[in-house]
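The listed protein sequences correspond, in order, to chains B and P.
Per my numbering, the first sequence starts with residue 3, numbered consecutively.
Per my numbering, the second sequence starts with residue 7, numbered consecutively.
Simulated from the structure, these hints should not be mistaken for lab results.
All values derive from a computational prediction rather than experimental measurement.
The beta-carbon is built from N, C-alpha and C at its ideal position, and this holds for glycine as well.
Check before you lean on any hint, since a few could be wrong.
Distance condition first, Cα-Cα at most 20 Å in a straight line; then the derived PhoX-like pairs of lysine-lysine [claimed, not checked]:
#	chain 1	residue 1	chain 2	residue 2
1	B	7	P	50
2	P	68	P	84
3	P	84	B	39
4	B	73	B	96
5	B	7	B	113
6	B	96	B	58
7	P	84	P	21
8	B	96	P	84
9	B	113	B	96
If you only want the chain P side, here are some residues facing chain B, beta carbon under 8 Å, derived [stated by the list, open to error]:
#	residue
10	54
11	59
12	62
13	116
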Amino acid sequence: DQQVKQNSPSLSVQEGRISILNCDYTNSMFDYFLWYKKYPAEGPTFLISISSIKDKNEDGRFTVFLNKSAKHLSLHIVPSQPGDSAVYFCAATKNQGGKLIFGQGTELSVKP
Amino acid sequence: EAGVAQSPRYKIIEKRQSVAFWCNPISGHATLYWYQQILGQGPKLLIQFQNNGVVDDSQLPKDRFSAERLKGVDSTLKIQPAKLEDSAVYLCASSLAPGGGQETQYFGPGTRLLVL
Numbered sequence: 003d004q005q006v007k008q009n010s011p012s013l014s015v016q017e018g019r020i021s022i023l024n025c026d027y028t029n030s031m032f033d034y035f036l037w038y039k040k041y042p043a044e045g046p047t048f049l050i051s052i053s054s055i056k057d058k059n060e061d062g063r064f065t066v067f068l069n070k071s072a073k074h075l076s077l078h079i080v081p082s083q084p085g086d087s088a089v090y091f092c093a094a095t096k097n098q099g100g101k102l103i104f105g106q107g108t109e110l111s112v113k114p
Numbered sequence: 007e008a009g010v011a012q013s014p015r016y017k018i019i020e021k022r023q024s025v026a027f028w029c030n031p032i033s034g035h036a037t038l039y040w041y042q043q044i045l046g047q048g049p050k051l052l053i054q055f056q057n058n059g060v061v062d063d064s065q066l067p068k069d070r071f072s073a074e075r076l077k078g079v080d081s082t083l084k085i086q087p088a089k090l091e092d093s094a095v096y097l098c099a100s101s102l103a104p105g106g107g108q109e110t111q112y113f114g115p116g117t118r119l120l121v122l
């Protein structure tokens, strides 16, 4: 039962362009969503999050959009840089002590 | 500030052998997590500790996996006996406050286990 899905295993983008990573979830009880970034041989690092009371959260070049009716969230990176090349995981949780449920990850490659 | 430390970084064993992983969380972090990440999948929570008590171990295969966090600091995860399907990266994470998915989790580099 895959409650959080990232249907694109990989994405390739040119440097300077926008990267859009997508994530879908099935559990309507999820009310907090996070994106993690993972480089090879390292653990995931927290990138950005959004609560279900918002539909957008921005942090520098990174913006996360949440569409609750579609149970869909996306991460936009503008402009994309070669250092952004990594695996990106979305995760979801329920408030008040819920555990993180991760998607399968999308490998982003930003080409110079 | 030192991050989450894990050892060993790599381990190769034969099936039916036992193996143990060690984790030292960030100083002062009350909550410690062990995740299993199988190739091509996202991390899956195995067990969550708050100080030295277990908060959630619903996805821990208790017939072969065990974990402890003595004195509420370091933790060990053991597999005995190992199966081929246990080949994965085992990630340890910690967070400052008790539990809650909204609390930022800091991950260690992981231990890559290969069971032959």
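In rising order, the numbers of the hints this structure does not comply with: 3, 5, 8, 9, 11
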